[in-house]
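Since the structure of chain H is already known, use the hints to place chain W on it.
Here are the chains, one letter per residue:
Number of protein chains: 2
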Amino acid sequence: MKILVTGGAGFLGSRLIRALLDGKGPMPRVDKVVSADLAACPVKDARVESRVGSIADPLFVAAAVDADVDVIYHLAAVLSGQSEGEFDIGMQINVDATRALLEACRHLAKPPRLIFTSSLAVFGGPMPEVVPEDLVLMPQSSYGAEKAIGELLVGEYTRKGFVDGIVCRLPTISVRPGKPNSAASSFVSGIIREPLAGVPSECPVPVDTRLWISSPDLAVKNLVRAGALDGARLGLRRTLNLPGICVTAAEMLDSLERLGGKPARALVSLTDVPRIAAIVCSWPGAFDVSRPLALGFEADQSFDSIVKQYMEGLATA
Amino acid sequence: MKILVTGGAGFLGSRLIRALLDGKGPMPRVDKVVSADLAACPVKDARVESRVGSIADPLFVAAAVDADVDVIYHLAAVLSGQSEGEFDIGMQINVDATRALLEACRHLAKPPRLIFTSSLAVFGGPMPEVVPEDLVLMPQSSYGAEKAIGELLVGEYTRKGFVDGIVCRLPTISVRPGKPNSAASSFVSGIIREPLAGVPSECPVPVDTRLWISSPDLAVKNLVRAGALDGARLGLRRTLNLPGICVTAAEMLDSLERLGGKPARALVSLTDVPRIAAIVCSWPGAFDVSRPLALGFEADQSFDSIVKQYMEGLATA
Chain H
114 MKILVTGGAG
124 FLGSRLIRAL
134 LDGKGPMPRV
144 DKVVSADLAA
154 CPVKDARVES
164 RVGSIADPLF
174 VAAAVDADVD
184 VIYHLAAVLS
194 GQSEGEFDIG
204 MQINVDATRA
214 LLEACRHLAK
224 PPRLIFTSSL
234 AVFGGPMPEV
244 VPEDLVLMPQ
254 SSYGAEKAIG
264 ELLVGEYTRK
274 GFVDGIVCRL
284 PTISVRPGKP
294 NSAASSFVSG
304 IIREPLAGVP
314 SECPVPVDTR
324 LWISSPDLAV
334 KNLVRAGALD
344 GARLGLRRTL
354 NLPGICVTAA
364 EMLDSLERLG
374 GKPARALVSL
384 TDVPRIAAIV
394 CSWPGAFDVS
404 RPLALGFEAD
414 QSFDSIVKQY
424 MEGLATA
Chain W
114 MKILVTGGAG
124 FLGSRLIRAL
134 LDGKGPMPRV
144 DKVVSADLAA
154 CPVKDARVES
164 RVGSIADPLF
174 VAAAVDADVD
184 VIYHLAAVLS
194 GQSEGEFDIG
204 MQINVDATRA
214 LLEACRHLAK
224 PPRLIFTSSL
234 AVFGGPMPEV
244 VPEDLVLMPQ
254 SSYGAEKAIG
264 ELLVGEYTRK
274 GFVDGIVCRL
284 PTISVRPGKP
294 NSAASSFVSG
304 IIREPLAGVP
314 SECPVPVDTR
324 LWISSPDLAV
334 KNLVRAGALD
344 GARLGLRRTL
354 NLPGICVTAA
364 EMLDSLERLG
374 GKPARALVSL
384 TDVPRIAAIV
394 CSWPGAFDVS
404 RPLALGFEAD
414 QSFDSIVKQY
424 MEGLATA
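Line by line, the protein sequences are chains H and W.
Count the first sequence with our numbering and you get residues 114 to 430, in order.
Count the second sequence with our numbering and you get residues 114 to 430, in order.
Bound conformation, chain H alone:
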C-alpha cells in the first residue's frame, strides 16, 4: 500500500502519517508514504519520503502523484482566515490545486482512492438545528465556497471513474497544540491551549455559539477509516460529515475551569470580533451523523474527554 498525503508536514497531516504507519487501523499494511508539502514531513520513518514544493505548482502536483499510488489524502489548503483576506491565493490553492491533483490522477491505470478533507464552512444561511445530509451548500466565506467547489470536482471525477473519491467534512479540530493559525476557528483551540499554558486568550464569538468539534486523535482515526472504506457502501453520496460533538463556547470554558482551574478560566476574555463571528456563526452547530456512525466512524465522548486528551499529550510530550 502506497499513500500520498498533501499537507503531510502540517499538524493533521503528520499525525495522519504516524497513524497510517502504526498499522493499528483498518488500512492494509503501508509500505510507503509520500508527503507533499512546503516543508519536509517531521515524521522520522524510513517509509516516509518528503517531496517539498508548492501545491500551487501543477508540475509539483503531477510529480507528487506516483503511478502506483493507492490512496491519496488531500489535506493541503489555505485556511479560512487567509482565504477570506487573500482571495486569489485561496482560489489557487483550494480550487486550482485540487483540480490539478485530480487531473494528475485521471490518467493513472488504477484510479486511486482520494480523500478530500472539506469543512462545515460549506454550509451557511438558514439551516435547521441539526443539519441533514441533503441540505444545500450555501457558503458564507471564500474558504467554504472553495471547499464546496472542491467537493463538486471530487464528486464529478469520481462519477467519471477518474478517481475513487470520498469527501470528509471535518469538524473543527480542538485542541490543536502549537500556535494560533490563520483559520477563523483558531480560537476554538486557543481558548483552551493558551490558558492551560498560563497565557491569556480571547473568545471572539458570543459564548452561546454552538461549535461542532472533534479531537485531533479521532479526526485522524476517522480519516484512516475513510481511506480503507469500501466505496460501494456510500452509493451516490460520496460526502460524509464526520462525527463530532456539539458544544457551545460557554461549555468549552466550563470544561476549561473544571479541568484547568479557575485561574485558567480567568485568562479567557470575551471580546466580540465581528470579522471572526461573521464566519464562525454561519457554520452549523450539529449534524445528523447516523450514516457515518453506521459506517464505523466515531465521535468523541465529551469535551471534557477532549481536554483531558490534550492535557495528557502535554504531559507526555
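One or more of the hints may lead you astray.
No copy is singled out in the list; a pair is fine if it fits within one copy or between any two copies.
Mimicking SDA-like on lysine to any residue, the simulated pairs with C-alpha atoms at most 25 Å apart in a straight line are [said to hold, decoys possible]: (1) Lys-292 to Glu-199; (2) Lys-223 to Glu-199; (3) Lys-273 to Gly-238; (4) Lys-273 to Asp-209; (5) Lys-223 to Phe-200; (6) Lys-273 to Leu-248; (7) Lys-273 to Ser-395; (8) Lys-145 to Ala-213; (9) Lys-273 to Leu-349; (10) Lys-273 to Ser-299; (11) Lys-273 to Arg-212; (12) Lys-273 to Pro-387; (13) Lys-273 to Ala-390.
No lab work stands behind these hints, which were simulated from the structure alone.
Please read all numbers here as calculations on a predicted model, not as lab measurements.
Relative to the frame of chain H, chain W by itself:
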C-alpha cells in the same frame, strides 16, 4: 442601460436580445447590447454590437466586458450531451470561461448585475417529488457538475461584492425551433417539433419520465425580469429555480396528438436510449417555486399552450 449577452447568437440569446430591445419588460431603456459569441448575433438592430470570438479565450472575455456594462447575461455554455462526451471542453467553457467572466467584472468601478443561467441538472440522486430550494446539489452529469461549480463561483463573487449575481436555473426549454442540439434533453423539443414537420422522432426515455418545462417566450421573459430585479429582495439565496410546468413524456405526446393529430403522434417511436435516460431521469420533475412566483416570475399555463405558441410561431415565420 448597456447589456452584454454571452451566447448572444444562440437560440435563447438572440430571443433575449430581441426582448431586451423591445422595451416592454421591467428593464430600463436599453441603449446598447453587446453580443459575445462564436458567430454574429442575428438580431438586426443598430443598438446591437456583435463581438465574435471564443468564450474559452480569457482575452476575448475581458474584451467583451466594457467598463460601463450594467447587466451581463452569461448564457454561453457547452450543453449536456457534449459536456458528458468531451469532458475537457465542458470544463473549459462551463467552468473556466465563467470564472474568466467573473474576473473581468471584478475590477470594474460598478459591479454589474450578472445573470448566470444554470440548469436542473445540478440535482440528482434521491430527491422528493417536489424539489425545495434548500436541497443539496448532487449532479449526475458533467454538465450539472460544471453548472453547480459556476453557481458557487457566482455566489462567492457576489458575496465578495465583485458582481451583483443572480443564478437562474432554467427549466428544459420546449419547443425549440430548428435542429436537434447536443443537449441530452434535445428530444424534449424534438418529439413535438419533428412530427409537426412530418419528420419521425424518437423519445429516448420512459414515457412516465417527468419533465420540468418552460416555453422559450416565458424563459426569456423571466430572464429579463431577473436582470431588473432588486437584489435586496433575494437575501442570501441568490439562486432561483425559474418556474416551469411538470409534464410527463406521455402527456407531451397526448398534447401532440390533440393539436397535431394522430398522424403526427404516430411519427414518434419509443426507443429507450440508456445514455440519454441516465442523464435526464436523474433530473427533478418539479420544484417548489413559491418564492420566484412571489417575486413576479411566471410559468406557462399548460403544455397545450406551449405547443400552440410553437405552432403559431411556425405560422407567422
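Right, here's what the structure says about each hint:
1. When the C-alpha separation of Lys-292 and Glu-199 is checked against a cutoff of 25 Å, the pair qualifies only within one copy, where the shortest distance is 21 Å, while the shortest distance between copies is 47 Å.
2. For the homomeric pair Lys-223 and Glu-199, the shortest alpha-carbon distance between copies (21 Å) is at most 25 Å, but the shortest distance inside one copy (36 Å) is not.
3. When the C-alpha separation of Lys-273 and Gly-238 is checked against a cutoff of 25 Å, the pair qualifies only between copies, where the shortest distance is 15 Å, while the shortest distance within a copy is 31 Å.
4. Taking the closest pair of Cα atoms, Lys-273 and Asp-209 come within 25 Å of each other both inside a single copy (19 Å) and across two copies (19 Å).
5. Taking the shortest Cα distances, Lys-223 and Phe-200 sit within 25 Å of each other only across copies (19 Å), while inside one copy they are farther apart (35 Å).
6. In this homomeric assembly, Lys-273 and Leu-248 come within 25 Å of each other (Cα to Cα) both inside a single copy, at 24 Å, and across copies, at 23 Å.
7. In this assembly of identical chains, the alpha carbons of Lys-273 and Ser-395 lie at most 25 Å apart only when taken from different copies (15 Å versus 33 Å within one copy).
8. When the C-alpha separation of Lys-145 and Ala-213 is checked against a cutoff of 25 Å, the pair qualifies only within one copy, where the shortest distance is 22 Å, while the shortest distance between copies is 40 Å.
9. Only within a single protomer do Lys-273 and Leu-349 lie at most 25 Å apart by alpha-carbon distance; the minimum there is 12 Å, versus 32 Å between protomers.
10. For the identical chains of this complex, Lys-273 and Ser-299 are inter-copy neighbours only, at 22 Å across copies versus 37 Å inside a copy, given an alpha-carbon limit of 25 Å.
11. In the homo-oligomer, the alpha carbons of Lys-273 and Arg-212 lie at most 25 Å apart both inside one protomer (14 Å) and across protomers (23 Å), since each shortest distance falls under that limit.
12. Taking CA atoms no more than 25 Å apart as the test, Lys-273 paired with Pro-387 passes between copies only; the shortest distance there is 16 Å, against 42 Å inside one copy.
13. In this assembly of identical chains, Lys-273 and Ala-390 lie within 25 Å of each other by CA distance solely across copies; the values are 17 Å between and 39 Å within a copy.
This entry satisfies every hint, going by the numbered hints stated previously.
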